[in-house]
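> Using the sequences and the accompanying hints, generate a full structural model.
Just so you know, the sequences run in chain order A and B.
The first sequence lines up with residues 0 to 356 when you count with numbering that gives the first Met the number 0.
The second sequence lines up with residues 0 to 437 when you count with numbering that gives the first Met the number 0.
Hints listed in this document are in silico derivations from the structure and should not be mistaken for laboratory results.
Just so you know, even glycine gets a beta-carbon here, dropped at the ideal spot from N, CA and C.
Some hints could be false.
To spell it out: a stretch of chain B is covered by chain A in this simulated footprint if at least three of its residues, at any positions, have a beta carbon under 8 Å from a beta carbon of chain A; those stretches are [said to hold, decoys possible]:
1. 94–104
2. 115–125
3. 178–185
Below 30 Å or equal to it, Euclidean Cα-Cα: the simulated DSSO-like pairs (lysine-lysine) are [unchecked claim]:
4. B:Lys-424 to B:Lys-414
5. B:Lys-424 to B:Lys-370
6. A:Lys-298 to B:Lys-35
7. A:Lys-298 to B:Lys-73
8. A:Lys-314 to B:Lys-73
9. A:Lys-298 to B:Lys-101
10. B:Lys-35 to A:Lys-314
11. A:Lys-298 to B:Lys-124
12. B:Lys-414 to B:Lys-170
13. A:Lys-314 to B:Lys-76
14. A:Lys-314 to B:Lys-101
15. A:Lys-314 to B:Lys-286
16. B:Lys-175 to B:Lys-269
17. A:Lys-314 to B:Lys-320
18. A:Lys-298 to B:Lys-122
19. B:Lys-320 to A:Lys-298
20. B:Lys-76 to A:Lys-298
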Amino acid sequence: MDRLPCGTKFATYRADHAWWQTRFTWIKMLFLAFVLFFIIPQFVGGYWITVFNMIGYTILAAMGVQLLIGYVGQITLGHAAPIGFGAFATALSMYLFEVPYLVALLIGAIAGGLLSLLFGLPCIKVKGFYIIMTTLAMQFITVDIILTQFIGPLAGRGRGGVISVEPEMFSIGPWVIYSPLDSYYWMLILVIGMMVFMANLLRTRVGRAWIAIRDNDIAAEALGVNIVRYKLLAFFIAGAMGGIAGGYWLTNLSIVSPEHFLFGWSLWLVGVLLIGGVGSMYGTIYGAMFMTLVLEGIKLALIPLAFTFPAIAGKFLYFKDFFFGLTIILFLIYEPNGLAYRWWRIKRYIWLWPFSY
Amino acid sequence: MKKIWFFPMVVVLSIVALIASACPAPAPVAPVEVVKIGALQDMTGATSDVGADEAKGVAEAFAYFNDQGGINGKPLKMFQYDYGYRVPEAVTTYTRFRDYDKVIAVLGWGTGDTEALKPTINKDKIVYLSSSFSAHLTAPAEAPYNFVFSTDYSTKARATIQYWYDNYWLKDPRYKEEREAGVKPRFVFFGMFGSPYATAPVEAIKDQAKILGFDFLPDQDVSLWALDTKSQVLAVSENPPHFVWHGNTTMSVATTLRDFYALGLTGPGKKTMHGINCWGHDENTLKLAGPAAEETISANKVAFFMWDYPMRDIVHQYAQKINPGVPLEDRLIHTVGGWIKVHLMVEALTRMDNAGELDLRPEALATTRAKLKDYFEMAPMDDIAKLYGLAEFTVTPTDHRPGGKIAIAQIEGGKLVDRGFVDMKGMYPDLWASWLGW
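Written as C-alpha cells, this is what we have:
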C-alpha cells in the first residue's frame with residue numbers, strides 16, 4: 000500500500016528525501032496543476048481570474064516575509080518597501096530605457112534585494128524587537144521619501160509619482176502578457192518557480208543555517224554558523240523575492256504608484272503569515288487565499304444585501320471591517336499555528352486512520 | 000478547551016458562509032432596460048473623512064434620478080461598494096463590476112483606485128468618472144476613458160495663486176509699501192513630501208508663480224496627520240512668505256493655519272495669506288481652524304453644500320430623505336461632488352439614449368461602453384455644471400479638462416464665500432494648451 004505518505008518504507012535515501020513521497024501525492028499534485036492551468040481558465044470569468052491574480056501577488060509578496068519571519072526569525076514589518084522598490088526599478092528600466100521585460104524583472108529583483116540588504120545591515124548588531132524598528136524605517140524611508148520624492152517624479156511632472164508602462168512591453172519572446180489571463184499564467188509560473196526555489200533552498204546548508212539561527216542563534220554561532228553572513232543573505236533573497244513580486248504587480252496593472260506599497264500592505268503580509276502558518280511554505284498560500292477570499296466573500300454578500308437593506312452600506316458599514324477583524328482574531332485564538340497546521344492535522348488524521356499516531 | 004470550541008466555531012462560520020453565498024442573486028439575468036453603473040467609494044479607509052460624505056451624495060443622487068424616471072424611463076441601478084482605499088480590493092471590485100454586474104460605466108473615487116485602474120479601464124474601454132483630479136487624467140492621449148468632474152489640481156492651483164496675485168498683491172493696501180519698493184512676493188509650499196497627492200500640483204503652481212514673478216522659500220514638509228507644525232512655520236517666519244500653498248487635507252491644513260495665526264503672521268490685514276487645495280478647504284476647515292482660516296482662498300471643486308446653487312433645494316431634500324440621521328449642518332461639499340458626478344453621467348447616458356445608441360443587450364455591452372465616451376465629448380454640459388456652481392463642463396477628444404474658468408472660494412466672516420471665477424484659459428490663451436497633463 001503505497002498510497003499515503005505515512006510510515007517508513009523507503010529503500011533509498013533519494014526516495015526518503017523526496018518532496019512528494021508517494022505516487023498518490025504526485026497524482027494529486029499533477030491533477031492540481033491540470034486544474035490550475037487548464038480547467039480554471041476555461042470555466043471562470045474575468046472577475047475570478049483577477050481574484051486569483053491578487054491571491055498570486057499576495058503569495059509572491061508574502062514569500063519574502065515568510066523567509067524572514069518564519070525561517071530566519073527576523074521579524075520584518077517593512078516588506079512593502081523592497082516590493083515597491085523592485086516594482087519601480089522594473090517600471091523605470093522599461094519606461095526610461097526600454098529594457099526587455101525579463102531583464103527589467105531581474106533588475107527589479109536585484110534592486111529589491113540590495114535595498115533589503117542595506118536596511119538589513121543593522122541585524123548584525125541587533126535582533127528581535129529592534130529589527131522591527133529598522134524594517135519599519137525601511138518602509139517609511141523607501142516609500143515616503145525615496146519612491147515618492149525622488150524616483151516617482153522621474154517619469155514626469157504632475158503625475159504624483161505614478162509610472163505607467165505600455166502593456167505591450169511585457170513580452171517574453173513571442174508571448175505578450177496583455178490580458179488578465181496572460182497575467183494569470185505568468186503568476187502561476189512565478190509562484191511555482193519561487194516555491195521550488197524556496198523549497199530547495201531550505202533543504203541546503205543555507206536553509207539549515209537559517210533554521211538554526213531562528214531557533215537559537217547563539218547556539219548556532221557557537222556551532223560555527225556564520226550568522227551575519229546568513230542573515231544578510233536572507234535579507235537579500237527576501238528582498239529579491241519582493242522585487243519579483245513588485246515586477247509582477249507592475250505586469251498585472253501596467254502602472255505603479257507609491258500608494259500601492261504603504262505600511263498597511265506590510266502589515267497585511269504579516270497577517271497573511273499569521274493566518275496561514277508561520278514557518279510553512281504552504282502556509283503562505285493558505286494565508287493569501289484566506290485573506291483575499293474572505294474579503295471577496297464579504298463583497299459577494301454585501302452588494303446584493305445592500306439593495307434590500309441599504310443600512311448595511313450606510314450606518315452598519317463598519318460591520319464589514321468588523322467581521323474581517325473578528326475572523327482574524329478568532330483565528331489567532333483558536334488556530335495560532337495557522338491554516339497549514341490545521342490542514343496537516345486533517346491529512347494526518349486521514350493517513351493514520353484508524354490509528355491515532 | 001480548544002478542542003471543544005473548535006468544531007462548533009467551524010460549524011458557525013460555515014453556516015455564515017453558506018448564508019452569505021446563498022444570498023446574492025443568481026447569475027444576473029436582469030431585464031434589458033436597467034442601466035447599471037458601478038461606484039467605488041472609500042467609506043472606511045484612509046480618505047473616508049471625505050469619502051463617506053460623497054458616497055452618501057452619490058446614493059442620494061441615484062435615488063433622485065430614479066424618481067425622475069431614470070434614463071428616459073429606464074431605471075438606474077447603482078452598485079456602490081466601499082473598497083477601504085485598499086488597492087487590490089479596488090481592482091477586484093472593478094472587475095466584479097465589469098464581469099459579474101456588467102455595468103456600463105464606473106464612478107471612481109481617489110488616486111488609489113483611479114491610478115491603479117487607469118491602464119485597465121483604458122484597455123477595457125469603460126468610462127471612468129473620478130473624484131481624483133490629477134492633471135495627467137485629463138490628457139486623452141494617455142487616458143482617453145478617464146474623466147474628471149472638476150478642473151484638475153494643477154489648474155486649480157494656478158487659478159488660486161492668480162486670484163491672490165490679482166486681488167491682493169496688486170490691489171490690497173497692506174502690500175502697497177512692498178509693491179512700490181519693488182519687492183517680489185514670496186511663495187512657499189506646505190505639504191507632505193511623501194504624499195503623491197499633495198505634491199501633484201507643485202510643479203504647476205511653481206511655474207505659475209514664476210510667470211507672476213514670485214520669489215521662492217524652501218518647501219516645508221507637513222505630514223497629512225500633523226498635530227503640530229510650529230517648527231515648519233518658524234522655519235519661514237524670519238522672512239515671512241506672502242502666499243502659502245497648502246497641499247494637504249483639512250486636518251493638517253487647519254493645524255498649520257492655527258500655528259501661523261498663533262505666531263501673528265496670519266490674520267485680517269496681516270501679510271501672510273493662504274491658498275489651499277480643494278480637499279483641504281471645506282466646512283470642517285472652518286470648524287477646526289476658526290479665526291485662523293479667515294481670508295484663506297481655494298479653488299473649490301463644486302459649490303459648497305449650504306451655498307446658493309440651483310440644485311440646492313433638491314440636494315438638501317434628498318439628503319434629508321435618504322439619510323435622515325445626519326443633520327444638514329454636518330453635510331459637506333463632497334455631497335454636492337457626488338451629485339454632479341452622477342448628474343454628468345446621467346446626462347451622457349440620456350444623450351446616448353436620445354440618439355438611440357444606448358443598447359443594453361448583453362451582446363452589445365462592449366460597444367455601448369466604448370461609445371459612451373463620445374457622448375461626454377460631443378457637446379458641452381455647461382448647463383449641468385452651472386446647476387452645481389461651476390462655470391462649465393466642456394471636454395473634447397483632445398482635452399479632458401472641464402474648462403478654463405475656475406471657481407474660487409474664500410472664507411470671510413466665518414463663512415465660505417463665492418468669489419466668482421478666474422478665467423485661466425482667457426488670461427493665458429497661448430499657454431493653456433501646453434499646461435495639459437501636468
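> Is it true that the CA of Lys-320 of chain B sits at most 30 Å from the CA of Lys-298 of chain A?
With Cα atoms ~26 Å apart, Lys-320 of chain B and Lys-298 of chain A stay inside 30 Å; holds.
> Taking a Cβ-to-Cβ distance below 8 Å as contact, does the region 178–185 of chain B have at least three residues touching chain A?
violated (count 0)
> Please verify whether Lys-314 of chain A and Lys-76 of chain B have alpha carbons no more than 30 Å apart.
20 Å, holds
> Quick check: do three or more residues in the region 94–104 of chain B have a beta carbon closer than 8 Å to a beta carbon of chain A?
That given contact holds, which follows from 6 residues of the region 94–104 of chain B lying within Cβ reach (below 8 Å) of chain A.
> Need the status of pair Lys-424 of chain B, Lys-414 of chain B: alpha-carbon distance at most 30 Å?
29 Å, holds
> Would you check the hint for Lys-298 of chain A and Lys-101 of chain B, treating anything up to 30 Å between C-alpha atoms as holding?
Roughly 16 Å between the alpha carbons, so the hint for Lys-298 of chain A and Lys-101 of chain B holds.
> Lys-298 of chain A and Lys-122 of chain B: Cα distance at most 30 Å?
Roughly 25 Å separates the two Cα atoms, so the pair holds.
> Within a Cα-Cα threshold of 30 Å, do Lys-414 of chain B and Lys-170 of chain B meet the stated pairing?
23 Å, holds
> Between the alpha carbons of Lys-175 of chain B and Lys-269 of chain B, is the straight-line distance 30 Å or under?
13 Å, holds
> Taking only the CA atoms, is the gap from Lys-298 of chain A to Lys-124 of chain B under or equal to 30 Å?
24 Å, holds
> Hint check: Lys-314 of chain A vs Lys-101 of chain B, CA-CA at most 30 Å. Holds or violated?
27 Å, holds
> Taking only the CA atoms, is the gap from Lys-76 of chain B to Lys-298 of chain A under or equal to 30 Å?
17 Å, holds
Of the numbered hints given earlier, the model fails hint 3 alone.
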